[in-house]
Each structure stands twice: as C-alpha cells, then as structure tokens.
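Asker: If you want the building blocks of each chain, they are given just below.
Protein chains: 4
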Amino acid sequence: DKPLSIISGPCQMESREHAMMIAGTLKEITEKLGIGFVFKASFDKANRTSIKGARGIGLANALPVFEEIKKEFGVPVLTDVHSPEQCAEVASVVDILQIPAFLCRQTDLVVAAAETGKVVNVKKGQFLAPWDMKNVVEKVTESGNPNVMTTERGVSFGYNALVSDMRALPELASIGAPVIFDATHSVQQPASKGASTGGQREYVPVLARAAVAVGVAGVFMETHDDPDNAPSDGPNAVYLSDMEALLKNLKAFDELSKQL
Amino acid sequence: DKPLSIISGPCQMESREHAMMIAGTLKEITEKLGIGFVFKASFDKANRTSIKGARGIGLANALPVFEEIKKEFGVPVLTDVHSPEQCAEVASVVDILQIPAFLCRQTDLVVAAAETGKVVNVKKGQFLAPWDMKNVVEKVTESGNPNVMTTERGVSFGYNALVSDMRALPELASIGAPVIFDATHSVQQPASKGASTGGQREYVPVLARAAVAVGVAGVFMETHDDPDNAPSDGPNAVYLSDMEALLKNLKAFDELSKQL
Amino acid sequence: DKPLSIISGPCQMESREHAMMIAGTLKEITEKLGIGFVFKASFDKANRTSIKGARGIGLANALPVFEEIKKEFGVPVLTDVHSPEQCAEVASVVDILQIPAFLCRQTDLVVAAAETGKVVNVKKGQFLAPWDMKNVVEKVTESGNPNVMTTERGVSFGYNALVSDMRALPELASIGAPVIFDATHSVQQPASKGASTGGQREYVPVLARAAVAVGVAGVFMETHDDPDNAPSDGPNAVYLSDMEALLKNLKAFDELSKQL
Amino acid sequence: DKPLSIISGPCQMESREHAMMIAGTLKEITEKLGIGFVFKASFDKANRTSIKGARGIGLANALPVFEEIKKEFGVPVLTDVHSPEQCAEVASVVDILQIPAFLCRQTDLVVAAAETGKVVNVKKGQFLAPWDMKNVVEKVTESGNPNVMTTERGVSFGYNALVSDMRALPELASIGAPVIFDATHSVQQPASKGASTGGQREYVPVLARAAVAVGVAGVFMETHDDPDNAPSDGPNAVYLSDMEALLKNLKAFDELSKQL
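Residue numbers (my numbering), protein chains in the order written: chain A, 3 to 262; chain B, 3 to 262; chain C, 3 to 262; chain D, 3 to 262.
Think of the hints as simulated: they come from the structure by calculation, not from any bench. This one's a predicted model, so the numbers in the text were calculated from it and none came from an experiment. Watch out, some of these pointers could steer you wrong.
Since copy identity is lost for identical chains, a pair holds within one copy or between any two.
Calculated cross-link-like contacts (lysine to any residue; reagent style SDA-like; alpha-carbon spacing at most 20 Å) [to be verified]:
hint	residue 1	residue 2
1	K72	M22
2	K136	P180
3	K250	L262
4	K47	D228
5	K72	I53
6	K4	K54
7	K4	K73
8	K34	P229
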C-alpha cells in the first residue's frame with residue numbers, strides 16, 4: 003500500500019527538447035505533490051493503425067535522451083519494446099520494459115524482457131480476461147525475474163470500442179504483482195477515425211479517479227503540451243497544463259483509498 | 003451535489019417483520035452516518051429466470067408494510083412496478099416508482115408511472131447505451147413529471163455477464179436527472195446458475211466505491227441478514243452486518259468527490 | 003425437418019389496404035415457391051425509442067384485418083403481445099402470439115400467452131444467452147402449452163449494436179422447440195439515430211442465408227413496398243419487390259441444408 | 003467466384019511422418035471432391051497461453067518437410083510468421099505467409115512478409131472491426147505486394163469468448179482481397195481452461211457452413227487424427243476421419259452460393 007505513482011510522458015518521444023520539457027514539468031509537479039513519477043515515452047510506434055502513421059525517432063536516438071532524463075531529474079524511465087532483440091539494448095538504459103497489449107502473449111518477447119532483470123510491465127491485451135494475466139505474469143517469473151507489473155487498459159466491447167472493468171483491478175492484484183491503470187488507452191476509440199484512433203480525453207480523469215478509489219499502485223497517463231498536434235494518441239492525452247490539478251485530485255483519492 | 007443517499011433493503015419483501023427489521027437497522031446506520039436512506043423492497047419478482055422462482059408476497063400484502071415503514075422510520079420507500087395498472091395503487095403509498103431494466107423501453111409503463119406524479123427511477127436496460135436513456139427520461143418529462151432519476155446497473159458483455167462502465171455515470175448525469183449506481187445488479191451473473199442468477203458479492207464494495215468516486219447522487223444496494231437463504235439475488239446481496247462499514251467508507255469517498 | 007417457412011409482413015399494420023396488399027403479394031410468392039407463410043404485423047409498437055414514435059392502429063382496428071387476411075388468403079397470422087390482458091383477445095383471431103425480446107422474461111405475459119393454447123413464439127432477449135431460453139420455454143410448457151417456438155434476433159455487442167451468433171441456432175434447437183431466425187431485427191442498430199433505430203438492410207440476405215444454411219424452421223423478415231417511408235424499422239425492412247428473389251435463394255439453401 | 007479452397011493441416015507440425023500423413027490424406031480427399039487445398043502447419047506456437055505449452059519443432063526442422071509436401075503432393079503450403087527476421091527464410095519454401103491475429107497490427111512484420119513477394123494472409127485481430135482491416139491490407143499493398151488475403155477468426159465477446167459475425171465476410175470482401183473463414187479459431191474459448199485454451203469442435207461445421215453460404219474464397223480448418231492428444235488447439239480440431247464428409251457438405255453449399 004505504497005502511495006500512488008504515475009507513469010507519464012508524451013506518447014512518442016518527439017525530440018530531446020520536448021521530452022526534457024515534459025519530464026521536467028512532471029518532475030516538478032509530482033515532487034510538490036509527493037507522488038512517485040516514472041517518465042514514459044515510446045521510441046517507435048510499431049502498430050500504427052495506418053502504414054502512414056508517424057513511427058517515432060527510433061531507439062538509437064531515444065536512448066541518450068532517456069539517459070539524460072534519468073540523470074537530470076533523478077527519475078526512472080519506461081519504454082515499450084516490440085521484439086526480443088531490442089530488450090538488452092533498451093535495458094542498458096531504461097528501468098522498466100513495457101510489453102504492449104497486442105504483444106502480451108508473445109512468449110519470446112516477454113521472456114527476453116524478463117531476462118534483462120529489469121522491471122517488466124505487461125499491458126493486458128484488449129482480448130484477455132484479467133485472470134488470463136496469471137499465465138502472462140508466470141512467463142516473467144518462471145524466467146527468473148520477480149519484478150513484474152500488470153496494466154489494465156480496457157477490454158474489447160463491440161467494434162471500435164473498449165470498456166474499463168473496475169473488477170479487473172482487484173482480479174489483477176490477486177495475481178500478486180503491482181497493478182497500473184492506464185487511463186489514456188482505456189479511453190481510446192480504436193481505429194474509430196478510419197486511418198487513426200480516436201479518444202475521449204474527457205473520461206481520463208473519470209476513469210483514473212475510479213481506479214484510484216478502487217486501489218492501484220499507479221496510474222499511466224500520457225500528456226502533451228499540444229495534444230491536437232501530437233503525432234499519436236493526441237485525442238486521449240491530457241493537457242500538460244491540466245496535470246497538476248488532476249494529480250492533486252488523484253492523490254486525495256489514493257490517500258483515502260489506502261487508509262481504509 | 004447533495005450528500006450521498008442509498009436505496010437499500012431486501013430484494014424481496016419477505017414478511018412484515020423482516021422488512022421492519024432491515025428498515026430499522028438501515029435507518030439507524032444511515033442516521034448515524036448522515037447518509038440519506040430510501041427503503042427498497044419488491045412485492046413481486048416478475049421476471050425470474052425460472053417459472054419456479056419465488057415471486058414475492060404481492061402488492062396487497064406489501065403496501066401496508068411500506069406504509070408502516072414510512073410512519074415508523076420516517077423514510078421514503080421505493081418499489082418496482084411491472085404494469086401500467088399497478089402504478090396508481092403503488093403510488094398511493096410508495097414515494098419512488100422504479101421501472102425495471104428489462105422494461106425501461108415500455109412506453110405505457112413509463113408514462114403510467116410518470117402520471118402518478120411520484121418520483122420515477124428508471125433503470126437503464128442491460129441492452130442500452132447511457133445516451134439512449136435521454137429518450138427514456140423524456141418519456142417521463144414529456145408526460146408532465148420532472149421528477150425522474152436514472153440508474154446504471156451494468157451492460158451486457160458477452161453471454162451471462164455484465165460489465166459496469168464508469169463513463170456511463172457522467173453520460174447519464176448530462177441528461178439532467180440524478181444518477182444512481184446499482185451496485186447489486188451490476189455484479190449479477192445473469193442466469194449463470196442454470197435456473198437462477200449468480201452474483202459476485204465481493205465486487206459490490208469495489209464498484210460502489212468507484213461509482214461514488216466518479217460522482218453519483220446515490221447508490222442502490224440490496225442487503226440481507228442471511229443472503230445465502232434469501233429467495234432472490236442472495237449471491238449479490240451485502241450482509242446486513244457489513245453495511246455500516248461499507249457505508250462509512252462510501253461516505254468518505256462521496257465527501258471527497260463532492261468537495262473537489 | 004419440414005421445408006422452410008417465413009414469417010413476414012410490414013413492421014406495423016398501417017391500414018387494411020396496405021396489410022392486404024402485402025399479405026396478398028407474399029401469399030402469391032410463397033405459394034409459387036412452395037414456402038410456408040405466416041403473415042405478421044404489429045398493432046402497437048409498445049417500446050419505441052422515443053415517446054414521439056408512431057405506435058400503430060391499435061388492437062381493435064387490427065383484429066378484423068387479421069381475420070380478413072386469414073379468410074382471404076388462407077394463411078396463419080402472427081402478432082406480438084405486450085400485456086397479459088391482451089392475450090385472450092388477440093388469441094380469438096391470431097394463430098401465433100409473439101413475445102417481444104425485451105419482454106421474454108416477464109413471467110405473467112409468457113404464461114398468459116401460453117394459457118390461450120395458441121402457438122407462442124418467444125423472441126430471445128438481446129441480453130440472453132441461447133441456453134437461457136430453456137427456462138423461458140419451460141414457462142410456456144409448464145403452463146400446459148407445448149406449442150412454443152423461439153426466435154434468435156441478435157445479442158448485445160457493445161453500445162448501439164447487435165451481433166448474430168450462428169451457434170445460437172443449434173443451441174436453441176437443442177431445447178426442443180422450432181427455431182426462427184429474425185433477419186430483420188438482427189440487423190438493427192438500436193437507437194443509433196438518436197431518437198430512432200437504424201438498420202443495415204444490406205445484411206438481411208447475408209444473415210438469412212447463413213441461418214438457413216445452418217438450419218432453421220423459419221425466417222422472420224419484415225418487408226415494405228416503401229421502406230424509406232415506413233413508420234418503424236424501415237432501415238432494415240426488405241423491399242417487397244426484392245422478396246421473391248431472396249426467398250427463392252433461401253429456399254435453395256434450405257433444401258440443401260435439410261437433405262444433408 | 004472460384005470454387006472453394008481449404009487451408010488445412012495440423013495446428014503444429016509434430017513430425018515429418020505426421021505432417022506427410024495428414025497432407026496426403028487431405029490431398030486425396032480434396033482431389034476427389036474438386037476442392038482447392040493449401041497445407042497448413044505451424045513450426046512454432048509463439049503465443050501459447052502458458053509458458054509451459056509446447057512450442058513446436060522449429061523453423062529449421064519444418065522447412066524441409068514443407069518442401070517435401072510441396073514436391074510429393076503438388077500443393078501450396080502455408081505457415082505463420084512471428085518476426086520480420088523469419089520472413090525471407092520462410093518464403094524460400096513456403097507459398098503463403100500468414101500473419102497471426104494478435105500480430106496483425108505490427109507494421110514491421112506485415113511489411114517484411116509483404117516484401118517477400120509471396121502471398122500474405124493476414125488474420126483479423128480479435129480486437130478489430132472488419133473495416134479496420136482496410137488499413138492492414140494497405141500495409142501489404144503499399145509495400146508493393148498485391149497478393150494479400152484476409153481471414154476472419156472471431157471477435158472478442160466478453161471474457162474468454164469469441165463470436166463470429168457473418169457480416170464481417172462481405173465487409174472484408176469489400177476491401178478487395180480474397181476472404182478466408184477460419185472455422186477452427188472462431189470456436190476457440192480463449193484461456194478458458196486456465197492454462198490452455200478450450201474449444202467447441204461441434205460448431206466448426208456449423209460456422210463453416212454459414213460462412214460458405216454467405217460466400218468466401220476458402221475455409222481454414224485444422225484437423226488431427228487424434229485431437230484429444232494434439233499438442234495445441236485439439237479441442238477445436240476436426241477429426242481427420244470426419245473431413246471428407248464435412249468438405250463434401252461445404253462444397254455443395256459453395257456451389258449453391260456461387261451460382262446464385
């Protein structure tokens with residue numbers, strides 16, 4: 003029952019300057035509020051809706067930025083991995099390797115991430131029940147790595163829609179690993195805009211609040227200073243200028259939830 | 003943003019003594035905690051899974067008990083109606099007429115309930131989107147009765163299962179009527195036991211807490227002193243002996259939610 | 003394994019002339035093709051999306067038209083009932099009493115329909131699994147009436163959407179009563195147009211063909227000479243002028259399915 | 003509107019002898035019936051439910067067997083690929099590279115498969131709408147390879163369950179690539195047995211028949227001489243001894259469907 007942490011940052015790492023600016027802003031806010039902070043950005047968007055969607059700056063360009071953020075702000079960093087081959091290189095800098103939801107059943111990737119010894123955060127597939135994650139978590143722990151977390155990010159609910167089942171949070175917790183609620187991707191409307199994915203930014207605080215009240219180790223929320231011009235997941239990113247008020251609110255719910 | 007109320011009682015009215023005992027216990031708890039209380043019981047279970055399920059004591063037997071509860075404890079009472087013909091008689095005693103979820107689209111029933119002038123609480127069908135309730139609410143208001151509430155009770159999610167979408171609460175609130183979260187029926191597992199319906203009692207506090215954190219006017223929760231022997235919905239009823247602790251908890255979340 | 007029958011007609015009975023015209027046209031087509039025909043029309047649409055939707059001409063006006071259709075064309079007629087009180091009067095003329103999907107769990111209605119001794123066709127609720135219909139069928143048979151049929155009409159699939167599960171057809175058949183596939187309501191897009199329900203007429207032949215290939219006793223399909231101006235369910239009604247070709251096609255699949 | 007083809011074989015390639023036996027048996031049956039035949043087997047099961055599930059004999063062992071099957075029986079062969087690196091090597095022997103459903107959005111894999119110039123069969127993710135496959139197909143065609151097929155294999159429907167939407171077949175066909183219906187994986191009950199996936203073999207012929215009646219280029223069906231002892235997907239594999247009767251039946255529906 004440790005206090006709330008957030009995993010936050012832009013969806014894509016766009017540039018060194020942009021990543022540093024967002025990391026610095028979030029560091030300041032979370033330090034003031036006494037909330038844990040893990041910086042998150044993706045170096046590659048490997049599963050864009052359309053082949054024309056922007057992919058990102060790549061691993062070689064991103065690693066030095068992650069390193070600088072760790073040094074400058076003293077915060078752990080998280081990024082997602084897409085192939086077994088990437089895991090060791092990513093782990094040379096990054097603290098938490100995240101397995102994307104679509105890939106959560108790919109044994110080689112999960113095992114390669116586990117074998118780095120770093121923390122592995124596995125996102126629950128949109129096609130999985132919460133209890134199905136027990137087998138996924140075991141793919142990490144049976145590889146000799148006890149440092150695993152799971153993340154709820156919504157489950158398929160008809161076409162081009164997800165729903166967040168709050169019962170999933172205690173179900174996942176019963177597996178024994180810390181549970182993160184991903185409020186950003188839970189409000190995706192997958193492929194709802196034809197060649198890209200829509201989102202319902204207005205529901206990020208609603209679902210985050212519900213999840214924190216139920217009880218989670220952390221909340222995953224992407225943020226951007228200019229979401230309308232973000233290269234991916236803009237429609238569900240929180241305005242950077244709204245983060246402080248939102249986090250203050252979530253902290254209050256977290257304290258209440260964990261004192262009860 | 004008034005303080006939280008609960009709608010609570012046994013699923014079925016089983017006897018005068020049983021109803022009075024539960025009403026009295028809940029009155030005492032809610033008064034101590036400063037929570038609003040509406041007593042709820044059904045006089046007839048008109049849509050049992052099996053024709054062999056117990057139906058209840060009937061309207062004629064139930065009305066005097068509702069009357070006695072109102073006088074003895076000074077609390078409003080709620081019951082569900084199943085046909086237009088029942089509405090006027092029920093309204094002669096009962097304060098809130100509830101439209102069952104399966105019947106929420108039956109125009110004649112909704113209009114007959116509305117025409118009594120009493121408060122009408124319409125449960126959202128398991129087959130409806132939250133925004134679909136706008137048309138349902140209008141069936142009440144266009145009948146000249148502005149006193150209408152809506153209740154979220156889960157939406158179909160595959161076979162024999164429901165899921166609670168917390169986004170539904172602000173969606174329903176945007177219609178303009180007070181919103182109740184029914185934590186009892188949201189954890190039903192419809193017809194999952196063959197000739198009867200199962201339930202996940204352990205998730206009542208989880209979902210109730212999430213809903214109160216998001217923000218609702220009230221929570222609907224059925225309770226029983228001996229749920230394992232209750233004639234209906236026992237698997238999802240809260241033990242009467244657990245109600246005080248649960249309500250204290252919900253009150254704390256409600257206060258936090260409404261001060262923010 | 004009797005040859006295919008259809009249950010068809012306009013969604014609402016609009017007038018004597020209109021009903022007679024459609025009944026006559028369908029009689030001619032089905033006689034030519036050697037397909038069984040039951041005429042269907044509703045005298046009241048009791049669960050319109052909006053309170054402003056047209057309700058229909060009423061029972062008193064509809065019964066003489068049903069009677070005339072029976073005499074003139076020698077075909078059985080079907081209509082839906084919404085309250086226990088209607089059943090006896092409807093049964094004085096109508097051959098098959100249909101229980102609407104939303105009402106399939108209302109014990110009093112199902113029993114009242116059963117007690118007329120007429121055939122009872124229960125539509126499976128959008129919120130039910132196919133195996134749940136066993137209990138519903140027993141509500142009819144335990145009332146002393148063995149003449150019961152079930153109808154598949156799609157199951158809730160996210161918000162404002164249905165999906166047709168072809169596995170439901172053999173599941174329903176295993177209960178022991180003849181199974182109808184309702185190709186009209188299976189392609190509804192419930193409440194998708196705000197104050198009314200949309201539909202995908204283009205999928206009626208697709209789903210009907212699939213269902214007949216799997217094997218059913220009959221297909222339910224609403225038809226209209228001018229669907230765009232029909233008072234209800236126009237978007238999913240088949241053009242009357244397309245019925246002959248469609249039925250010829252379905253008959254071929256039915257013969258193949260039943261000879262195998 | 004070419005005649006029906008099937009893609010069939012054991013889920014896993016278990017041994018040279020076993021693969022040759024099944025390929026030979028299927029070749030004989032399909033030749034007799036005049037049905038196209040593509041042999042399918044997996045060299046690696048990369049996304050087993052549990053880390054303890056058998057993975058398969060591997061690419062190096064499987065390629066010579068695929069080569070022998072092609073020579074001995076004169077049939078094209080299909081297998082699934084899991085990483086971009088595998089594609090060129092697989093394409094040196096295999097005629098159709100299949101993208102697994104969970105991986106259908108992984109751009110690098112889809113592009114690498116496309117760049118081999120071989121036919122690419124992309125299975126629709128359980129989390130995708132049929133129209134979402136337009137973007138996936140474009141990932142192949144924009145890579146310069148027009149030889150692409152799509153496969154429907156069920157869509158998430160609550161937890162641990164799939165449903166087959168027959169409307170998906172014409173929706174997929176409208177994208178312009180041949181459509182396969184995977185009757186084996188459509189009847190999976192994902193992870194329903196805790197550490198492995200269950201299945202409903204009895205519904206394979208039901209859904210296959212429906213799909214062929216609606217109209218498809220081919221049917222994907224896994225088969226095994228001893229499904230109860232198959233290392234994976236046994237519960238939904240068709241008995242090899244049942245294949246001839248089933249295919250004869252499907253051929254009749256295909257002929258009817260395509261003559262209309």
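Asker: Indicate which option fits the pair K4, K73 if close means a Cα-Cα distance not exceeding 20 Å: within, between, both or neither.
Answerer: neither (24 Å within a copy, 48 Å between copies)
Asker: If the cut is 20 Å between Cα atoms, do K250 and L262 qualify within a copy, between copies, both or neither?
Answerer: both (19 Å within a copy, 10 Å between copies)
Asker: Could you figure out if K72 and I53 sit no more than 20 Å apart (CA to CA) within one copy, between two copies, both or neither?
Answerer: neither (32 Å within a copy, 33 Å between copies)
Asker: Given a CA cutoff of 20 Å, do K4 and K54 count as a within-copy pair, a between-copy pair, both, or neither?
Answerer: Classified as neither; 42 Å inside a copy, 33 Å across copies.
Asker: Regarding K136 and P180, is the shortest C-alpha distance of 20 Å or less found within a copy, between copies, in both, or in neither?
Answerer: within (13 Å within a copy, 38 Å between copies)
Asker: What label fits K72 with M22 when the C-alpha limit is 20 Å: within, between, both, or neither?
Answerer: Intra 10 Å, inter 56 Å, cutoff 20 Å: intra-copy only.
Asker: First find the shortest C-alpha distance between K34 and P229 inside one copy, then the shortest across copies, and answer within, between, both or neither for a cut-off of 20 Å.
Answerer: This pair counts as neither: shortest intra-copy Cα distance 24 Å, inter-copy 47 Å.
Asker: With identical chains treated as interchangeable, where does the CA-CA distance between K47 and D228 reach 20 Å or less: within a copy, between copies, both, or neither?
Answerer: Intra 19 Å, inter 42 Å, cutoff 20 Å: intra-copy only.
When each numbered hint is compared with the structure, violations occur for hints 5, 6, 7 and 8.
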